[in-house]
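K.L.:
Take the two lone chains, each set in its own frame, and fit them into one complex as the hints suggest.
Chain residues, written in single-letter form:
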Amino acid sequence: MTSLQAAAERDIHRLALEGLADRMQDSLLAAALSPVAREGMDCAAALFLPDGRVLAQAHSLPLLLGGMIPAIAGLLAAFPAKNLAEGDGLLTNDPWSGGTHLPDLIVARPAIAEGRVIAIAATILHHQDVGGIAPGSVPPDAKDIFQEGLRLPPLLWRRGGVEDAGIATILAANSRTPGMLAGDLAAQWAAVSLAARELAAMAGAMGADAFAAAGQSLLDEARDTLASALDTLPEAEASAEDALEGDGRSATPVPLRVTLRRLPGPRLAVDFTGSAPQTEGPVNAAPSGLLAACFALLRRIAPEAPANHGLLELLDLTLPEGSVVNPRFPAAVNARTATVKLACNALFAAHARLSPVPVPAPNAGVAVVLSFGGRDEAGTPWMFTEILAGGAGGGPLGPGLPALSADVSNARNLPAEMLERAGPVRVEEIACRAGSGGSGLHPGGEGVRRVYRLLSGHAEISYRGERHLSGAPGAQGGGAGAPAAARIITPDGGVRHLPSKARIPWEAGQLFIIETAGGGGWGRPRTPQGEST
Amino acid sequence: MSIAAAYDIACDVGGSFVDVVAHAPGRAPLLLKRAHPPGMALPSLIAALLGEMGIAAAEVARLRLSTTLATNALASGTASPVALVTTQGFCDVPELGRQSRRNPDALYPPPPTPPWLAPRGWRIEVAGRIGPKGEEAVPLGTVALDRLSRLPQGAAVAICLLFSPLNPLHELAVAEAIAIARPDLRLSLSHRVDPGLREFERMLATLADAALKPLLAEALAGFDTAPWVLRAEGAVAPLAEALAQPLGLAMSGPAAGVLAVAAWAEGDAIGLDMGGTTTEISLVRSGRPLPAREIGIGDLRLRCPSLDIESLPLGGGTTLRLEGGRIRLGPAARPACCGGDTATLTDAALAAGWLPETLSGLALDVAAARAALHAVFGTADGLPALALAEASIAEQARRIALRRGIDPVRAVLVAGGGAGPLHAAAIAARMGTRRVLVPPAPGLLSATGLAMAPAGAGLEQPCDLPLDAIAELLAPAATQAAALTQKLATWGIAAEARHVLEMAYAGQSETLPIPWRPGEAIETLAARFDAEHAARRGHAPGGARRILALRSLARAVLGPSPGRLPVTVAAARPGALPRHALNAPAAGPLLLDGIDATIRVPPGWMATPRADGALLLEAVG
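Those protein sequences? They're chains A and F, same order as listed. Going by the UniProt record's numbering, the first sequence opens with residue 1, and the numbers climb by one from there. Going by the UniProt record's numbering, the second sequence opens with residue 1, and the numbers climb by one from there.
Bound-form chain F, shown alone (with noise of 0.2 Å):
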């Protein structure tokens, strides 16, 4: 009899496919993509995967996941309606929010906050003010608890009031005297979901926070051994943990696809993970995630801890359209060639007989791909419109590399994702960038990501102070470091945080992270600040420093690392190659099948096949 291995299972649950990446040590590491079933439990489905792939359940050591749950659920507003408790006087900010508008060519800009979320008439005002230095000015008034009568069992109820991150007395009194009248009640604190000043951004991401606690603990519960889970900064942690602030799940899936685009990256990166609906743009700078302190999904902003992510809705489901002679690239729909009923790039793609007929296990169909074509364009040629959509992405994701400081040309673009590989030279090529490197199992990028993503946990707290009162975070530096090794250590986890500064130029109200050892010199600091905001904004106007927010991350290894995955193989089709039948360097035109996903080498590129498994794409000349 054997001995049971111990697998480490990652677990990407995303709208249209679920990817298992599993690994044990001694083992070929094992990866499987399924369409996803609708209505099926989670602990029931991944059981059903591991199954297939041959795994008792005995032999799971460990389970992670990543899922876009949290992300859906507020993107298409079926994440829960949540009450609201704020400061006398305030309780209309939802509606109000900053006053600008986000697209300035907008006819119908959208409301700050969306009305799903905050009904009107679920919001208590509550007397009692905490002044600006964190003082109580005006005590605690009675809370109308009787309102609270209205709310359904198992509500969720954000609390909200005014400077609550410098005294969060007021806030636990009034969830103290909520949690005694409603125990059902499910609440969010604003100085916990995010200790930043500014009212309506606190708000709006205790809002989103409160509305998935009943969701996700539904949808999440029922695991016989307890997951870890991916959150938005990039590492896991226990569900338990996850579902106690769960808005940091949005960008979950995401988020573990960075992390996959920083562990190929060489340097300076771009990702580009190109799915069904969204493509999601990341950056990497040195071999790490930039970091970002909010997420965006749909209109939505929210703040929140998170790696640097912008999501372009433009995937291989983007439906196509003809409007006064124009191609016009709409809506995700279904692909006509899998039993939908509109032209996509996706259709496209295959008319173009740049896909194979079979795809992740799903059939593919090209005649129902070229009538869905003919019948908006007059014709089954698909390429104009992919041409376009790749223009628009290259684009985008050039203008959002050049923001934050990295050079288009000098980066390498890691494409992922089932349509990122497809497009990513011709994308490539368009912005500049001269190579591109596909991973041994590109449609797979996020559970790859997900399984080398560390445990981790952070804590943040605002102040306002120049850079020369920095011995002033000394003391909140060390507490905070001690609450997080503390934290770690409950979970079977040793760590050590570091520090990182949120620092601006007085006047300036978006700051730039500043990693700090407590005790360096203050002219270092003052440097590496200037060269950071040289870096990222073109120039460092000088002037006053200040300290805005300190920020404490602790970060350690979780299991042993994935190894080589292997390349994921495909039957061969005319006019393609197998993508591991390729193995000296070949120019381009050229097709490469993988199982999960199909390379494209346009003409004037160079694919060179690498030892570790990734594909190299280079423009030649």
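Here chain A stands alone, though its shape is the one from the complex (with noise of 0.2 Å):
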């Protein structure tokens, strides 16, 4: 075979492997019941080989997929390949065995041809709920795992297809709505079923050990792809720094550090050391939500190389035991998206002030959640729900775009034809919020203004926002972005200004002003002269 054959061959087996997890992800898209999985597209599929190695995933939320590599290991540590047998399913949404928070339940499939396990085929998937103190299963102020559900440490849950009666009655007993726990989980069966006859079909077809090595030689890829991009980082270092603006139970910030080393090799560290120690609220990471950041940079860093397990060959992670980042069981953890999120965008700021071929700056770093919701004037109930996204950083290639969901999140918003269908509210503006954006040649997105008024009756506003105190960093020279704001107006003029987090009445007549934060800038704005500063 000639070398291009060869190479043709890779990209082949690539293309169908990542095909076939794409295909996992519409079907578990198209089969899931719960909204957040539906509409909110909160799950993802992937392709794991025995030894529990990422070997290909799926077109989806980069930092869902990531999040599923020690999840697998976790579940493998339990239950080893070479114990697996055909309709075999393993389960687990533990923190302290590679889950990410109680609500997202990974399950896994062995596929085997010539009678040996030749691959594991994963599903993860933010269920409903899974019980805990509040429906929904993330309650903003737990104090500890017990009170966020039931937590599946790896279980043996299906056995030859068949589902352990036990462990369905101890689900269904332990949810507030166990039709569509199970309804979900049959969805993520069927996906890691359909892979696990497909990639039977195509080890059938090829032999099991031609698979293998087609395999190792996609992961080899990767890890020589990172390895030259790698080669162009300067050894040294670089740090960045944030904060959450609270836990969850009290306003005390939370600040994250990382700090990104590129070694000799070529391989690259990333050391949280200086997050702040575990909290009480349930801010708290577990460590799959920092891989997942990592393995999102290392993309960043080689776009071209397949998104396996070879990347993180030149990965040492440090994450600081009792950290926020990495905390001690029983920390409460289902409100981990904002510190994901937030190391993400630090990790983002250190790798652009490492990264010798200018990279985007940093985005606004948060998904703001608002929840509306009260009785007009006849009492009936209305309310609905708002995830809105602030500015994306500026870049080498131009400015940032203005409001846009960014690596964790990919929500849409609420067009206001929808909205105002909803409830009796109005929205008297979507706009760009003038001036938001860091300043820089190529200055940061712009946050979004929206203002809503309550026509009629009494209303509650639950906000849960991020940066009100500090905004989004630069990047090459590029100034910070705006912090985000809300305040009510009340129809007299006064105003009332809103910390980050908040519930608050809302009456009718009253005005709700959000702005959300702007994106850093990038490089030196220019002088009026046209001269970079």
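Just so you know, the hints here were simulated from the structure itself, not pulled from any lab data. Please note: incorrect hints may appear among the correct ones.
Restraint ranges, calculated between C-beta atoms of paired labels, are given here [said to hold, decoys possible]: (1) 608(F) x 165(A): 50 to 58 Å; (2) 502(A) x 325(F): 53 to 61 Å; (3) 228(A) x 357(F): 48 to 56 Å.
By construction, the Cβ of each residue, glycine as well, lies at the ideal position given by its N, Cα and C atoms.
P.N.:
See below:
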């Protein structure tokens, strides 16, 4: 075989594996019931080697995909692949066995050819409810894991395709929405079963040894591609810091710090030493989230490389034990998303400082969760929830886009024409928030300004924001984006400024104004004479 | 003296080629494929081609047109910039879009609205509100007409006010005020272009519609006999009607191709229309093209009634390069064998001996193809690149089909376009499809589809009703049906409308189209929706069913059927068989030359010529 033929064969094998992962993702989305999985796309699919190394991923949310990697390792540590048989199903959601937070259930199934396990197919899905002290299993004021829901250490959930009746009974007894939990688990099982079937056929056609060799060659390609990309980084280090505005129980800032070191080899060290100790509130992030953030960074450094475990061979990750990025049992972890998002942003900021090749400045780094609920004049209850983004960072190719969902999330906004049909609210403005993007040769994207008026009755606003106190940093001499702000304006012109976390009453006639944060600017701004300063 | 023939002419105007299918009662159909000369006005071009075919102007009974003009203008940003009138507080909606990224991996996601389409200085906000029930909540304010003064003569303006599909009062008033102040401006009103809720999607569709108006009015002027033009929904309409709402002309050519795929399909089919720059994948269920509610042109997603077509950026002109030892497929360019300066898939196919040295009247330069491949790969062997491109199309087509509930193992792949028949069997093998059908003139797929296109139009209105309240739609359905019957009557066509409900379970935002005959029992509709949901999405979760839009469609046959098309004739060459010479089943490997396309039968495949002129390829064993 010529080298060109070999390269084409490898790419074709990659296309087949990634195509299969994508079809698992489609199957999951089509069959899932819970709105957060269906509409928020909060689910992912990937393929693994029998030793737990990730082989291929669907093209879905990078951070959810990366978050599955340690969970598969956790499942295989408890149930080694050599002992698994056709139709076995593994299940976990345990943050201390590689999981993320309790609503994310990970399901895995071995693919078998020539009498041995040749791969593991896996899916992760955010379920509607797995118990705990609050509906939805993400209590904002949880103090420990026991308040957050049912914890499932690695379990042999199915044998020969048949669900363990005891486990099924326990699951059903511990969810507020047992039908939805069972239905979504069935969707996950259908997706991994599809993959197990096709992988077995693929390995059957090419031979199990050839299948293993083809997989290894894709991992080598990823490692080698990343190594070439790392060679362009100077042997130096760069740090970035940021802070969460409270842990959900208090407003005390929770600092995050990350240092990136390019080591000889080349290797890349990511060190979160200096981040806050674990918190009482639920913003602690299990290691899987940080590994996922690192994986997203490695993919950004080597975008052409296949997204597989070869990338992780060159990573040294340090997560101090007992910190907000590696909490000890039994920390509360349900609100990890804000932490992972900010950590991911800090990681990208540190990389921007290290990289000789210009990369975009950080985005606003938050997803604001806004819930409105009330009763209209007839006493009928209404409610809706929005997730709002801030600006994207400016980059070497141009300015950042305004109000764009970034990295961890891909939530869509709610159109005024949908929102006004949900309750007696008039949207008076949806605009780019002028001047909120960080200054620079290529300015950061603007945040969004949304103005809502309550037309009748009473309501309550639940506001979960970040970035009221500091803006997203710029890169290459660009300025920071503007921080976020929220306020109520009463009909007499009175203004009440809100902190980044608030639950407040809202009366008819009052305006609620939210302005999300801008993205960081990129490059030194030009002076009016057109010179770089 | 013979009686003059009455020809029905179908003309598909593509970027590189113009294809013509002409048929008349009692005459053999005529086919023609010619390179598209740049810069020539369309009416003169078509007159010249008809002259070449020996058809006199007086013999043209009807002219049908499908064109890539609109698609290309939107894809390349050469359509006109548009001024935009919005509700006060909403003029930034084009920049904000829906906040999500289509490709979460993209380091530089595209803006939701291309900046050329809606210049920020050309925006006007107007006070006044229509409320969510269609009521006038705040009276319309004054339009700042002085801001129109900076617009050039004949410029396009999009008017998109909140909730206009529920009550167009304010949009109509704004349009009237502008028409008085600047009668030269071309207006697109959002409630007419796209009567659906969600302001960003409607605004984008309205902007695209307006952007096409100046260009198409000019490009499609000057016909002695006004042509019928194919719209994305898969039916032709009189030119004037199409120009009044030109967004429908986007995807005109590919939609014509799907009609041909559907005509050749037996049951479920996947269409593979592979040309020079793109490959269109379309879907047919039980012989009917699947409908869609948006069209994709590059990064743009435009809400518009259409046929379900996905366009992949892979075609004969796809360029090849080597990067770190890996083959990479790049944007399309002119093949080296046709005078271009870079290696493409067509060059690889030519160097592999898959193509004759003359294709559709173009001489192909084998030496240039080999040299270009050598420059890229260090060898003239392009087979690895061809295999990679085929695998890429196969993986994408398989995913597209499965998403719509079409099983590639059971469906037939209908191959067309200049490059489709060359790659179809290899692509089918990779996606598990066992049958490939190649029509008699595969290189003229769009023109043949156009020749059999019905005439038709549609109307839609949004609603939000529980299924139980369907009686509320009886009156609007009757009104829409009457309006459509009346409209088609003015075209000289008698047609009855049928109705489709856009339905979803409560909480879902993506709807499914469900056929509805007024008067049907609610249980019947509920069961039909559940079954469709199960077929398309793999399960029927149950729960409250809602109706989110009522669509009415009128379709009528236009003119006689083209009948059996001739199999195109090609000269003999070593290593290949002229397609018409195959008169019994034969096993691959085999190359069959038609004048418009070459069919490749790989090893393990059997080719059988059929009485209707099509060629059936089947996987053996």
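K.L.:
Next, verify each hint and record whether it holds.
P.N.:
We went through each hint and held it up to the structure:
1. 608(F) x 165(A): 50 to 58 Å: Once the Cβ atoms are compared, 54 Å apart, the range 50 to 58 Å for residue 165(A) and residue 608(F) holds.
2. 502(A) x 325(F): 53 to 61 Å: 56 Å, holds
3. 228(A) x 357(F): 48 to 56 Å: 41 Å, violated
Of the numbered hints given earlier, the model fails hint 3 alone.
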